Amino acid sequence: MIKYLKLHDDKCVGCLNCVATCSRMYFKEEVPAKARIQVFPVAPGSHHLVACDQECRLCVAECPVQAITVNAKGVVMINKGLCVGCLACVAVCPIGAMRYYPGESTPFKCIACGACVKTCPANALELAEKEDSPASRMPFEVAEAVRKQEGK
Amino acid sequence: MSAFDKKDFKLLAEYKFEPKAVHRGYAMRSLHVDVGTKKATQKSVSEDMKKRFTGGKGFGLKLLWDATKPSTTWNDPENEIVIAMGPICGNTNYPGSGKSLVVSLSPMTGVPIDSNVGGYFGPYLKFGGWDALEIQGKAAVETIVFIDSNAGIVRFYEAPAALQQDTHLLAEELTHAFATDEGTPDAKDLQSVSVVSAGRGADHSPMGLLNFSLYDKRRQGIRVKQAGRGGIGRVLRDKKIRALVCRFSGVHQNLNDAADPAAVQRIGLKLHREIIVNDDKQCKMRKQGTAHLMEVMNDYDLLPTKNHKYGQDPKGPEIASWVWEKLFSQKLPDGCWYGCTMACAHAVDHFLLETGPYKGTKVCVDGPEYESAAGLGSNLYVYDPHGILELNFYCDTYGIDTISFGTMCSFLMECWEHGVLNKDRTDGIDLSWGNWQGAVQVLHDMADGKRFGVLAGKGVKFLAEYFAKEYGADAQFMKDIALHGKGLEQSEYISKESLAQQGGYYLTNKGPQHDEAWLIFMDMVNNRIPSFENKAEALHYFPMFRTWFGLQGLCKLPWNDVEPADNAKHPEPNKVPEHVQNYYELYSAITGESLDWDGLIRQSERVYNFQRAFNVRQGRGQRKDDYPPYRAMGPVLEDEYLAREERYDKQMKEKIGIDPAGKSVAEKVRITREFRLKQYDSLIDAVFKRRGWTGDGCPTPEHLKAIGMDLPEVLEVVNARIAGRA
Ligand code: SF4
Ligand code: SF4
Numbered sequence: 001m002i003k004y005l006k007l008h009d010d011k012c013v014g015c016l017n018c019v020a021t022c023s024r025m026y027f028k029e030e031v032p033a034k035a036r037i038q039v040f041p042v043a044p045g046s047h048h049l050v051a052c053d054q055e056c057r058l059c060v061a062e063c064p065v066q067a068i069t070v071n072a073k074g075v076v077m078i079n080k081g082l083c084v085g086c087l088a089c090v091a092v093c094p095i096g097a098m099r100y101y102p103g104e105s106t107p108f109k110c111i112a113c114g115a116c117v118k119t120c121p122a123n124a125l126e127l128a129e130k131e132d133s134p135a136s137r138m139p140f141e142v143a144e145a146v147r148k149q150e151g152k
Numbered sequence: 001m002s003a004f005d006k007k008d009f010k011l012l013a014e015y016k017f018e019p020k021a022v023h024r025g026y027a028m029r030s031l032h033v034d035v036g037t038k039k040a041t042q043k044s045v046s047e048d049m050k051k052r053f054t055g056g057k058g059f060g061l062k063l064l065w066d067a068t069k070p071s072t073t074w075n076d077p078e079n080e081i082v083i084a085m086g087p088i089c090g091n092t093n094y095p096g097s098g099k100s101l102v103v104s105l106s107p108m109t110g111v112p113i114d115s116n117v118g119g120y121f122g123p124y125l126k127f128g129g130w131d132a133l134e135i136q137g138k139a140a141v142e143t144i145v146f147i148d149s150n151a152g153i154v155r156f157y158e159a160p161a162a163l164q165q166d167t168h169l170l171a172e173e174l175t176h177a178f179a180t181d182e183g184t185p186d187a188k189d190l191q192s193v194s195v196v197s198a199g200r201g202a203d204h205s206p207m208g209l210l211n212f213s214l215y216d217k218r219r220q221g222i223r224v225k226q227a228g229r230g231g232i233g234r235v236l237r238d239k240k241i242r243a244l245v246c247r248f249s250g251v252h253q254n255l256n257d258a259a260d261p262a263a264v265q266r267i268g269l270k271l272h273r274e275i276i277v278n279d280d281k282q283c284k285m286r287k288q289g290t291a292h293l294m295e296v297m298n299d300y301d302l303l304p305t306k307n308h309k310y311g312q313d314p315k316g317p318e319i320a321s322w323v324w325e326k327l328f329s330q331k332l333p334d335g336c337w338y339g340c341t342m343a344c345a346h347a348v349d350h351f352l353l354e355t356g357p358y359k360g361t362k363v364c365v366d367g368p369e370y371e372s373a374a375g376l377g378s379n380l381y382v383y384d385p386h387g388i389l390e391l392n393f394y395c396d397t398y399g400i401d402t403i404s405f406g407t408m409c410s411f412l413m414e415c416w417e418h419g420v421l422n423k424d425r426t427d428g429i430d431l432s433w434g435n436w437q438g439a440v441q442v443l444h445d446m447a448d449g450k451r452f453g454v455l456a457g458k459g460v461k462f463l464a465e466y467f468a469k470e471y472g473a474d475a476q477f478m479k480d481i482a483l484h485g486k487g488l489e490q491s492e493y494i495s496k497e498s499l500a501q502q503g504g505y506y507l508t509n510k511g512p513q514h515d516e517a518w519l520i521f522m523d524m525v526n527n528r529i530p531s532f533e534n535k536a537e538a539l540h541y542f543p544m545f546r547t548w549f550g551l552q553g554l555c556k557l558p559w560n561d562v563e564p565a566d567n568a569k570h571p572e573p574n575k576v577p578e579h580v581q582n583y584y585e586l587y588s589a590i591t592g593e594s595l596d597w598d599g600l601i602r603q604s605e606r607v608y609n610f611q612r613a614f615n616v617r618q619g620r621g622q623r624k625d626d627y628p629p630y631r632a633m634g635p636v637l638e639d640e641y642l643a644r645e646e647r648y649d650k651q652m653k654e655k656i657g658i659d660p661a662g663k664s665v666a667e668k669v670r671i672t673r674e675f676r677l678k679q680y681d682s683l684i685d686a687v688f689k690r691r692g693w694t695g696d697g698c699p700t701p702e703h704l705k706a707i708g709m710d711l712p713e714v715l716e717v718v719n720a721r722i723a724g725r726a
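The listed protein sequences derive, respectively, from chains P and D.
Throughout the first sequence, residue numbering follows the numbering used here, covering 1 to 152 in sequence.
Throughout the second sequence, residue numbering follows the numbering used here, covering 1 to 726 in sequence.
Quick caveat, the hints were computed from the structure, so don't treat them as lab data.
Take the hints with a grain of salt, since some may be wrong.
The list that follows gives simulated cross-link-like pairs (lysine-lysine, DSS-like), each with its CA atoms no further than 25 Å apart [as the list claims (entries may be wrong)]: (1) P:Lys-148 <-> D:Lys-326; (2) D:Lys-575 <-> D:Lys-270; (3) D:Lys-359 <-> D:Lys-326; (4) P:Lys-73 <-> D:Lys-217; (5) D:Lys-270 <-> P:Lys-34.
Everything numeric in this text was worked out from a predicted model, so none of it was measured.
For reference, chain D alone in the conformation it holds in the complex (with noise of 0.2 Å):
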């Protein structure tokens, strides 16, 4: 790898701001760049504008819908990407509170993607006075957005023709090239550096994601976490950007200027000692990250399997936990901000690769978390962790969405089965079920850009309608089988035996993303929501509960993967109502305001509301939009339902009041697809009132007066939509 001086760098525009200290968790205004015109602009942030959206992805939206119009569709060059931060974003003493929420127009679905996301880039800029950043236009050259948060410069350079492209690459040679004016930089000086990358997959994927870096100084290299949904490295690239690189030395205990720092302290502090005492009897995180969930996954019938054909395989324990920990390198404090204690980012470190450009090399592996597990592993039927591990390398350093990836991957692999595809068809590359090596090299077409690894890139939508068109395949199966809502893959839980979990992963605003909600426990195990009213409830509450940790530039992992000891005792301890409290405790301990739990509920419906008006404004965000395939709902196949044949049956009986005797398998198939199907748009119906929505999915002006959301562009697009006009 070739070492860069900032010289080797083109400069094409520099400006300089007064650098402004944040107050009370807020800087008041936002930077816009556009790197078409090269120009760098501040904005200022309203009261208003901070009563209504409250911050983060809040602000995120807000910024995007004033950039775009109702046709702007990903590639314009009014299309933004905006990272935002949230008042809480930044303070060092409670755990997970150092996330960016990245929002833009995504090409997977064409309207508004939010993705939370880890490292440094956030708290860094946050900390030159920006509560969020937009960047919008389209280069001319490959670019690179320099922003020095200490000294408020902002300079457009032009990336020297032999930079790196790829992540892992590229962001150590840029964390290196800007982290000193000049002279060599030390530990301290690389760790005041982050870099924003993709990677040579995402110049031909529309599923690229974006690396946000940190410095791990033990491991003396770089780390990345991921913005992984909806293609917002594909936005990137388009934008031809390289890397957006943040600089900030000087992080302290109170930068949040917070009204009352000993109660950030007090809270932090507490949730510190909890996570000490209870995470190696509770969830591992510690020392196994998400990954800890990886067999009571497969021993509920949750893991994807076969590309969610089943939830459960003899070989899940080939990949458990366990595993994972003694691959994750032990007893580092491996968070991805400062203070965070749960310290789930782990890694595989000296991890030789044994396939494509980096052959032979040995590198740090980012993960895997548990959607990666599942979705490059149980989903693909590859329970070979190595296989696992070197999909993971390659999906993050050429910028692509393990997620959207995996579950793409294991579509493929289905048609591989049935004939629908053949060497032919993958120019040579063998998709059996279980075959890393192949799927790995649709990665690696697709970063070179080869036929088949650009086709495969351009997600399960789009292939289901080739692969009927132009193979002649079934069109109603591929519809089936092909997991994804909008446009965007799901992500890697079984839903089909929880109707709350399926309304969790599609009806939500941006795609079936487990963040809004995760039923499947309190609907299929526990039964604690058992009416459709109880699951329209839970699905109010549970989506605008957690929008809120995107409002702040929080973790939603803290909140429930560590529980006080006495958590049971709480009449609802699936709402974790002592972490709640901490919540919005620490919310006025940095901002100075009083908040309780009705208020903080109000802060997300504000935000949740306005996100579906905006999928309104875009043409979309009707209720035709949120079902899923039928395969997150129910068995596709006679196989699929003979293979839980027992749990089918005794279901048709109790609950459909038909008896199964004497019915072929074809029929009891058609029979539960008709009663899953009723039961799906019986459940629309709950969710949407109980949001405050018509029936067809759009926010009534009653309800967003009632919210506060009663902007007149907001209303301006509801009253099209209801009155039939738009």
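So here's chain P without its partners, still in its complex pose (with noise of 0.2 Å):
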């Protein structure tokens, strides 16, 4: 199974919230920025909610120092003490949910904590489990897990 934050873009109103929390909760500081959670005006009264869908996995296999890694829960955790801070992450991410802010030495992402959900007034957050997708595996990865176990 996959731990994951679901958006319902058609519930946000906007506050910026989940944005605050986010900053703070990880920064201490509120600096919209550095929120792991984006929220995108679209049109007036629409908005667009951005955050790691914790499921493609790009950035797990892109990695040169695998620093990211998924854990037990299906997240994907980036470890900050093995990060050189390429960015390579931030740039093969298809949503730009993987982030990075000028001068910070490591990126950062949606880890699905929740300290977000709790602050949200129109419950267009919600802390979700999803089915682990195939597709999202890596194959090198698979092919030697499986010539390990064969004893090749």
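Put the two chains together into one complex; each comes in its own frame, and the hints tell you how they fit.
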């Protein structure tokens, strides 16, 4: 199973509570660009929410030092101690959910902690679970695992 | 394979230095190691040295010049191997920023060679606070030099007797032994080690190379990148150095202490994105590496086939890019340094060897890159990917340059075809075209120090003379088909039909390597540089521009193996102007010093002319050193002419102004040859003039002054040459 932050664009009212909460939670200051969730106004009264869906795992495959892994709950995590700050993960993320802040040495992303969920007045955010998708597995790692199992 | 512990290595000497942080891309000091006296000392880098030589190859050449004399030969103890990094080296944001530049007096050419190599050694060394490492002297026993960049420790060890010699095993043993001071290393420890080594081939052949390792966490094994050209591995082994080991942990985004780290991130991320979006539509480097060139070259009649006799063969597709794409493990971040999303350093995993001492074992083959696939493939008429991989693997692990080996072996095969060689002369090895088993046997014999292997390993310059003298081969024919300049074998592009590329290969400082200029498409395909002056301008600009990568610790590939989507709209798309802008902005962001396009070229010009003057100092650097063998310029043989008769006849009519009708093939070969030789002479005149050199190829004092390279010791050398004193 994959634990993730489920986003309901249709319910979002654009108050940015989630953004403020997230930024405070991880950076101890309120800077919208430092939030791991992003709220984009698309039309008057309509918003688009962006946070990692924990599913495509392109960043996991791209990281040169294996600083990005999938934890037991299916959440994609960055190990800051291993990260060399190359931003390859930021470049490869198809939805812009892997983020960085200029001058900060490591990137950051939503880890489905749920802090923002409680501060959303409109129920636009929800901690949810979904099936692990086979498409998200890295072929090389799978092949290696099989090879090891077969003792080749 | 036996596992070693650090205790198994006998400590011979130890030195301790204050670790020093890099500031604005520079450590402002270099490390000097003498393996003969087992001494390590530090030298400071002066502001003047930084200003004039910039870094990387510039520093390497400057240190090598100071350490050697005009009479120094490659195997004198004072000859050095210098590994230098450059100010941009080691940043993790801009793809292609992990290169080390290695210089030494070459066993193949006698003049300085420079080689640009990936792997973690250079950056790890730099983060210990060293802009360069000089290695001098000759050891009495098999020596390992260990540099702990975190602790500032340099140690000399004696290699245990049972330690392996060939790289794929040696680097693995050393990585494990040196990853921790005590206890079993984990993946992170293993990743903190990089080894520089050669192999048994480099014990016997001047085409020996250096392998720079990196630990691949996903493959859980060692990968190697090569400082291939010019025989630096031979110098390492001549010094009785088994390996250099550097350890560093704690790489992070701003170890260069950039003046503007956010700008470094911005510029880097821009290129990462460009690569991710465009690569699949452009060069497919992420899937195929430089092997993407195979069918392009074959289609344009540029893929060396049978010792550069032809540029094409119907069998070409059998070793085309899509074949390699299937063999390479996919979806791996195969960068040779952290953060290179171009990720061209592909490998074939679990490859089962069929010959040699490691027959029957499964190995990881690094590559092949284009040069290896062409040199060990089509040029030998080998179209069996297995054969190419087997040759590639053994070249690497024996520490032998795939390019020199490929070009040398194709020369042997052509000699075989013409009866110059036979089984009596090759000690039983069949060197018919396409017989990769024969080729790989030459390689095994080289590593084992057997007669024919050692002879072949001397390179084509030597062999051409030897075969003429010993076997009565036609001396001129031998000379014509021995593809080398200054003693270095030519790399793997057909230069025959592009005068500019002949210059790109042979009007170089180190010998015919394509890293100075690759002008074939501009010249031959697109006809953008028709006049001698146009060609001379290109042969000034591109070598200067490309020299810059080596000053900075950068890779050339992310410059033009990916392009901005709108690159074609620029008036000079061949220069990829937007990427050039990335480069000088990146330099400024790291060093805090302003730089523009002209300033970038000026930095290179200084070092390029210094290198030329270095050649002059060693008694070379003359016009006569800069001529290609005729195979690189045109058809040597009648059947070679006939294979492209239409093309050559047309040229005769239109360019030479002679009607080919009724002329014998021999006559047409002669007319073409005379014309092409004359063309090349005119090209030299134009290029030397544009570069600020005399007609004999010596930098003039005026030019040195104009570019800020008028150091007294350099002026003395050029003045002596110009006055006819040297
Ligand atoms: S920025 Fe860090 S986490 Fe992202 S790919 Fe680079 S090393 Fe991995
Ligand atoms: S493009 Fe290839 S050779 Fe160049 S730095 Fe990247 S991985 Fe290394």
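ask   = Hint by hint, which ones does this structure get wrong, listed from lowest number up?
value = Those not satisfied: there are none.
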